[in-house]
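Trainee: Sequences are here, hints too, so could you generate the full structure?
Here is what each chain is made of, one letter per residue.
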Amino acid sequence: MIKVLFFAALRERLNTAALELDSSSFEHDASAAAVLQHLQSRSADWQQELSRQDLLCAVNQKLCSLQTKVGPGDELAFFPPVTGG
Amino acid sequence: MIKVLFFAALRERLNTAALELDSSSFEHDASAAAVLQHLQSRSADWQQELSRQDLLCAVNQKLCSLQTKVGPGDELAFFPPVTGG
Amino acid sequence: MSISVLVQHEDFSMADEYAQLSRDSSCGAVVTFCGLVRELSISKLHSMTLEHYPGMTEQALLAIAEQAQQRWQLGAVRIIHRIGTLTPNEQIVFVGVASAHRAAAFEAAQFVMDYLKTQAPFWKKEHSSQGQHWVAAKTTDQQAARRWE
Amino acid sequence: MSISVLVQHEDFSMADEYAQLSRDSSCGAVVTFCGLVRELSISKLHSMTLEHYPGMTEQALLAIAEQAQQRWQLGAVRIIHRIGTLTPNEQIVFVGVASAHRAAAFEAAQFVMDYLKTQAPFWKKEHSSQGQHWVAAKTTDQQAARRWE
Chain X
1 MIKVLFFAAL RERLNTAALE LDSSSFEHDA SAAAVLQHLQ SRSADWQQEL
51 SRQDLLCAVN QKLCSLQTKV GPGDELAFFP PVTGG
Chain V
1 MIKVLFFAAL RERLNTAALE LDSSSFEHDA SAAAVLQHLQ SRSADWQQEL
51 SRQDLLCAVN QKLCSLQTKV GPGDELAFFP PVTGG
Chain Z
1 MSISVLVQHE DFSMADEYAQ LSRDSSCGAV VTFCGLVREL SISKLHSMTL
51 EHYPGMTEQA LLAIAEQAQQ RWQLGAVRII HRIGTLTPNE QIVFVGVASA
101 HRAAAFEAAQ FVMDYLKTQA PFWKKEHSSQ GQHWVAAKTT DQQAARRWE
Chain E
1 MSISVLVQHE DFSMADEYAQ LSRDSSCGAV VTFCGLVREL SISKLHSMTL
51 EHYPGMTEQA LLAIAEQAQQ RWQLGAVRII HRIGTLTPNE QIVFVGVASA
101 HRAAAFEAAQ FVMDYLKTQA PFWKKEHSSQ GQHWVAAKTT DQQAARRWE
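Protein sequences, first through last, are from chains X, V, Z and E.
In case it helps, this note's numbering puts the first sequence at residues 1 to 85.
In case it helps, this note's numbering puts the second sequence at residues 1 to 85.
In case it helps, this note's numbering puts the third sequence at residues 1 to 149.
In case it helps, this note's numbering puts the fourth sequence at residues 1 to 149.
Treat the hints as calculated values from the structure; they're not laboratory data.
Wrong hints could be hidden among the right ones.
To be verified - No more than 16 Å apart at the CA atoms, straight line, and that leaves these computed lysine to aspartate or glutamate pairs for EDC-like:
| # | chain 1 | residue 1 | chain 2 | residue 2 |
| --- | --- | --- | --- | --- |
| 1 | X | K62 | Z | E66 |
| 2 | E | K125 | V | E12 |
| 3 | X | K62 | Z | E58 |
| 4 | Z | K138 | X | D54 |
| 5 | Z | K125 | X | E27 |
| 6 | E | K138 | V | D54 |
| 7 | V | K69 | V | E27 |
Mentor: Following this line, the structure appears as structure tokens:
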């Protein structure tokens, strides 16, 4: 399984906080971009929300680029630019 | 009268905290440099202590250059670089 | 060198934090930053909700504090960030740095805030007289973070 | 905008100062700096005496705070500097700045400290196990002040 989390405005717009994907549906060395593409294909809404230029991605709780490899047991997160502080 | 003050290490080395000079012994538009020169001429010790490159000067409680004009009623101060904070 | 980060609902005490930071007898400089919930210019703010990414947030703050420690000679770095619902005038974030030298303390505190603003997963939602909306990220914060690269 | 400076023998309370600074509901950022008496590396420090130039010192601090106010948009600037005899771990100086923006608060606090260090007439004398001596001015402080010119 690959765990996917959404936060803040993105969580609200997708109406989804978390979901689990079957990692066997991805290639062995799939990237976060491949997972994102899979999620975008779910609907026109998801396509739109997950195509924002400012979307941030974390793999296993670390900010990273979409080129980062992901596999079984990994935790992926997508979220808007952070606004703490 | 021109009031002259010394502070910190300079006050200790000159063994003088304050003195008053007769302003009539200076030219009308005398500068702080003229007062300093007068003080330096008092003794070899004063000459040495008041010739330090890092000597600071204040006229009427404002840091200023030795070119600043001084006259009757003015307060002059000479002191080493400040070390507060 | 002491590093500590906290993500909590509860308020914090500036006095307690400062007392802790000023204990190290080799550090002559203590710099603190406090961020507070402020009024909005265009509408009346009722409250603010702070969402975070549990687990990642703590790691991100710790990584930022560790980077500060590597860049400057510091005695202590402390970061506290609140989550949940906050009302106007409440404290949101505390950053405190103790160092032997003031330049290091000032720079490290700024560095921590600049990185926290752009890398720590927190999101603010404002609830005001004009409804609720997510706060937009500022390009000035991105620029501020970039100067440390 | 509120400016206030104090030169005093008495200690000050960081908690009280912070409470005062964080009152202005338009200022979301409060930066504080505290300088403390620290141990010496080469000898045991017994105490430190702070001499000042009564009258000029207060004016100099006020002028520094006013320059900060002209350079940045600030809600409040507070400067407290102690004089007389201080022992290790005692507080020497407090600078607090409140602003709508953190960059302004950080920069103004640094500016005030850099100028205070090079322009406010205070002189420190250390009394240690190796006798007493006047503290020498640091070229790094001169350099720090020059960056604001």
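Trainee: Hint by hint, note whether the structure agrees.
Mentor: These are the hints, each one checked on the structure:
1. X:K62 - Z:E66: The given pair, whose Cα atoms are some 15 Å apart, holds under the 16 Å limit.
2. E:K125 - V:E12: Satisfied, since the Cα-Cα distance of roughly 12 Å is no more than 16 Å.
3. X:K62 - Z:E58: 11 Å, holds
4. Z:K138 - X:D54: 12 Å, holds
5. Z:K125 - X:E27: 38 Å, violated
6. E:K138 - V:D54: Holds - the C-alpha atoms of V:D54 and E:K138 are around 12 Å apart, at most 16 Å.
7. V:K69 - V:E27: Holds. V:K69 to V:E27 sits at ~10 Å (cutoff 16 Å).
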